[in-house]
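Trainee: The letter at position 605 of the sequence shown is residue 605 when you use the working numbering, and the numbering goes up by one with no holes.
What the hints contain is simulated information worked out from the structure, not anything from laboratory work.
Take these hints with a grain of salt, some might be off.
Claimed, not checked - Restricting the straight-line Cα-Cα distance to at most 25 Å, the calculated cross-link-like pairs of lysine-lysine (PhoX-like) are: (1) 319 / 263; (2) 263 / 309; (3) 56 / 132; (4) 260 / 233; (5) 459 / 425; (6) 332 / 636; (7) 914 / 958; (8) 914 / 999; (9) 853 / 826; (10) 636 / 459; (11) 186 / 67; (12) 119 / 260; (13) 958 / 332; (14) 132 / 501; (15) 233 / 332; (16) 119 / 309; (17) 275 / 653; (18) 411 / 636; (19) 459 / 426; (20) 501 / 233; (21) 99 / 56; (22) 260 / 59.
Unchecked claim - Simulated restraints, written as ranges between beta carbons of each label pair: (23) 349 / 206: 40 to 46 Å; (24) 585 / 259: 49 to 55 Å; (25) 404 / 763: 53 to 59 Å.
Note that beta-carbon positions come from the ideal geometry of N, C-alpha and C, so glycine has one too.
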Amino acid sequence: MLSTVRSFDLVLLEEGEDYVCDAACSLLSPFPCETTQLTWPQFVESLKNANASRSKVRKGRIRVGTKSLIFEPDALDSPILKLHFQSITSINDSIHISKGIAVSCTRVISVPTAIYNGKTRFLSAYDIHTVKGADSTVGSAPFGALDRNSSTSMNLPGFVFIFAFATNDIHDEQLSDYMRLWGAYKLNIEPETPDVQQTGMFSQALIQPREKLLLGCSSASIYPEAVYCWRLKRMVRHGGFAALTDRAFYFQPSPNFSRKSCKRIAIDRILCIFKRDSGVPSNGESATALEIISLPEESIEKRLQNSRKLYSCLYLEFKRESDREKFSTTLKSMIPRVFFALESRAFRNEMTQLWRRGMLPNFQYIDFLNYISGRSRYDMSHYPIFPWVIADYESASLDLKNPKSFRDLSKPIGALNMERLLHLKKRMSTLQLLDKSTADTANAGDSETCSCGNNKCDKCLMRMWNNGFYLYCSHYSTPALVVFFLIRLLPECQLRLYSGKFDAAARTFKSMAETFHNVLHGHSTFFELIPEFYSGSDTFLRNQLNITTQDGRLGDVELPLWAGNSSVEFMKIMRNALESEYVSRHIHEWIDLIFGYKQTGLVGGVCSEINLGQESIKSDNTFHPLSYLSSVRAGKLNLTGATQNLLRTMGTKAISVQVREFGQAPIILFDTPHPQRICHPQWQESDDPIANAPWFIYGHLRNIVYDHSQDSLVLRDWVSLGNRITGVGFAEAGLVYALSPKGTVSLRHADEPEKVMLTSVDRNSLTCAKALMGHLCVCSSSGWLTLCNLESIIALRDGLPSSGQPSNAERYSVSDGDKGVLFYRKQIHSDGVSCLSFSDGVLTSGGFDETVKQFQFTNSEIRLIGVYDEQNGPLASLSCVSGLLLTATVGGSLTLWDPRTPHIPVWNHEICSKSNDYRVIACGISNRYIQLVSTDETPVIFWDVRMLNSLNSCTGFKREISLPNFKTFSAICDPNDCVCLGGVQDGVSTLHIYDLHTKSSLMSTTLSGLKYPTFMAANEFSGAHRLLLANTVGDAKSLRVE
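Use the sequences and the hints to build the structure in full.
Mentor: This is the structure in structure tokens:
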């Protein structure tokens, strides 16, 4: 018999049931045979016979919940037994077995188990054993009676279990807990709060050396009281204590059912923190939560090798909102950037612009919108929502260039079938007539009567919304839907949802074609998809676990013919469809329905009575009034009259069940139509897990690394950019510019570099340029800025000329007669401009006059909005990202600013270099780090940007990358925690890309024929050409995908 110590799975507990305690024990029982008045003496006699009783003993562990007793045997081939308090008829102190507790019940749940990858899994329906002819309700034995174990006191017939413990103390504690919890259940009252919540506290022994406790313990200097909360993971939750130090976040399970003493997350590994709300502020229910997403301690490369997730998540629910605010406020003071995704509109706009320019795939952008709208992969009630995009699951082949292959993304699922939609509208109209008295009461204050007669005017729509008008009785995202799709991956969740059984065969996910047909034609199926359909892994489509339902073995999902009976091919086509040009052109319409103004109709961003609900009703996109409580809690919506009536008449538990089980709409993100995507890059199929990772893992430069590892990225020589140049870059996805010391800009198609157009913009040498909003912003050594309208310039010649050396007619220059059509000029510095950055409509410039300035771009002007003049020398580089500004002078003075307080630096640092030719090359702010690249022997220095409160002591958080015998000439500080270096190593021009997390080289290649790579530019617009490198004499190379 194979035995071991199992890891208990909380999925065995019921909804609303808390884990209380556990203890090792031995079980003596004739189960599965029932015990009657006649067989009871035989069982008692067998207990006296040592040999006979020994054969009936099962060693294991008793797990105590607030609604049940669960016996977990050590033998892996034995089922787990669950005794619900509802079915228990007696609990007595056993007189036949020393230190034993006798329990009798009329119903036992036997849970078959299996071992998969070293873990206990539940892969088949639970077996229910019921005493024949017995009443399943609790027996009439006197509560608390510790009578001698007679057949009468055991309330037979029934199933009899005797749990024997090692010591009298354990026996007494267990018996006390059983009687207390069983008594509370019989009286239909909540059991007394476990002492651990009232008197327990976080154990300081778990804190690592040299860590300072900040909150969550009695000795803490800030908030000394202990904080009890619950950890949520999919469909189960468990209580424990939370604590925070200056180096880590801790969660200590209490009572602890696992082998780990606590969960520790290092502060410098946290990526994002989200505040979550259940939408049900009520007594006794957790309404607020924190979701902490972090990188695991081991490297991403190692986790990829072991096929493990690339991130970790700790989702904690708090009973009191004040407890959550203590942690969030303290964490925000320590690592403010981890809240930017949730709270910074600038960050949100930046992500949208990355997506519009084709740098962020559709999958990651939709995933981002889900996260900032309150959705989480760790909460089944608020699971991420993804669209159905393919509309054909019957054909033998699928053409992703044919619009007919796709679903209409401008309509909700319920409106795709017009016949069904008309039926739903007719049904709702009938319900409105039946409930006319309620509507009249709600509108009693209206003095005017609408005479439009068609329910289409603004006033009618407003009244319909306020009266709780809705079309769809079920939501597009519910826990039942999630477990429906993930039955082959997480069968335990469906077993928990349906009380130990799988859903009926007719309602099991068996076929893609059948499921989509039901979504189009069913009168209660209006659901969208989940992220797993586009994330690359096909495990949820195949029954690798060998799951067996009550109807037989569960098969693999039946796939469309165009998938060729291959789940791998199916996943590839699904992702290709999501990233296709058709979807890229129309996905913004679906975003309006799910995350935007068509969800409820907040036109113009004002929750005014005149427009509330209009767009959702016009778009046939209305759901039950209680579906919008998340937006109400977030302050995005006002309560309608119908919602107020429901909250007033329904009980707290009923509302909680409605929110938890029947679906919640995401928090509204956009109150105006979402902008359309500008670039539609062709999706490159990839087996790289990072390409299918959530948005916070995905990195742009890692695409370059992957292409290089697959030998699809090659280095090509480019045509000469001129005899002398002062800078290069991408003006658009396929348009390259080069600056000259003579004040001219040359423009070339990336794929036809021999065709060139020269544009004169200044009499002085050009120093830097930046592409922004369809323009090229060019600056010179005289301090002037010239804004070039690229579309107008190129259209003037009807495209670029074909000759290599343009004639005078092909040269365009700034003139007084231009009137701003082609160019706009403005002097922005008193000396030359050395660097530029553009983010969220703001241009930031740095100059040789030792000042930094910020300008707001509008349709009519470029307006100065900020000046930073406390610089310690000429500026070499700057970076303005997500509300922070980083500046670096040529000599190595690094300063961090908050634009809201431009006169007071957040942090500054002086680089002390012994080198005489020391010079700063680039600086940047990435997801996690402040980066600085210089010509020093240690070219890359970086700090954790989330430790802003501790940056004054830089030594503890400073990290370096050393490259022996490497001389840096150019660099790019990538926002996704990578750095790209161009230089000369051992006399050979070389390109390096480094991952800052691991300080490891992701890519290294020689640049043969390119001496001194002084300029480097990444293509921020996507496209085949990924990177351009050049030197001052015009030699150039392109790194491109072929």
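Trainee: Against each hint, give a clear statement of whether it holds in the structure.
Mentor: Now for the hints, and whether the structure bears them out:
1. Annotation: proposed proximity of residue 319 to residue 263 holds, straight-line Cα distance about 20 Å (limit 25 Å).
2. Straight-line distance between C-alpha atoms of residue 263 and residue 309 comes to about 17 Å, which keeps the hinted pair within the 25 Å bound.
3. Taking the CA atoms of residue 56 and residue 132, the gap is about 23 Å. The hint holds against a cut of 25 Å.
4. Our distance criterion of 25 Å between C-alpha atoms is met by residue 260 and residue 233, whose separation comes to about 16 Å.
5. Restraint check for residue 459 and residue 425: satisfied, since their Cα atoms lie roughly 19 Å apart, inside the 25 Å limit.
6. Pair hint residue 332 plus residue 636 holds up; C-alpha atoms about 23 Å apart against a cutoff of 25 Å.
7. As the CA atoms of residue 914 and residue 958 are separated by approximately 18 Å, the hinted pair is consistent with the 25 Å bound.
8. Using a Cα cut-off of 25 Å, the hinted pair residue 914 and residue 999 holds, with the two alpha carbons roughly 24 Å apart.
9. With a C-alpha separation of about 13 Å, the suggested pair residue 853 and residue 826 falls inside the 25 Å cut-off, and the hint holds.
10. Between residue 636 and residue 459 the alpha-carbon distance is near 21 Å, which keeps this suggested pair within the 25 Å criterion.
11. Pair hint residue 186 plus residue 67 holds up; C-alpha atoms about 10 Å apart against a cutoff of 25 Å.
12. For the proposed pair residue 119 and residue 260, the alpha carbon gap of about 15 Å is at most 25 Å, so the pair holds.
13. The suggested pairing of residue 958 with residue 332 holds, with an alpha-carbon distance near 21 Å, which does not exceed 25 Å.
14. Between the alpha carbons of residue 132 and residue 501 the distance comes to roughly 21 Å, so the proposed pair stays at or under 25 Å and holds.
15. Proposed proximity of residue 233 and residue 332 is supported: the alpha carbons are some 24 Å apart, at most 25 Å.
16. A threshold of 25 Å between alpha carbons decides the hint, and for residue 119 with residue 309 the separation of about 17 Å falls inside it, so the pair holds.
17. Under the criterion of a C-alpha separation no larger than 25 Å, the hint pairing residue 275 with residue 653 is consistent with the structure, at around 23 Å.
18. Between residue 411 and residue 636 the CA atoms are separated by roughly 23 Å; this keeps the pair inside 25 Å, and the hint holds.
19. A hinted pair counts as satisfied when its Cα atoms are at most 25 Å apart, and residue 459 with residue 426 qualifies at roughly 21 Å.
20. For the hint linking residue 501 to residue 233, the alpha-carbon distance of about 21 Å falls within 25 Å, and the restraint holds.
21. Straight-line distance between C-alpha atoms of residue 99 and residue 56 comes to about 17 Å, which keeps the hinted pair within the 25 Å bound.
22. Of the pairs offered as hints, the one joining residue 260 and residue 59 holds, with about 22 Å between alpha carbons and a cut-off of 25 Å not exceeded.
23. At roughly 41 Å, the beta-carbon separation of residue 349 and residue 206 lies within the given 40 to 46 Å, and the hint holds.
24. For residue 585 and residue 259, the Cβ-Cβ distance of about 52 Å falls inside the hinted range of 49 to 55 Å, so the restraint holds.
25. Look at residue 404 against residue 763: about 57 Å separates their beta carbons, and that is inside 53 to 59 Å.
The earlier numbered hints are all upheld by this structure, with none contradicted.
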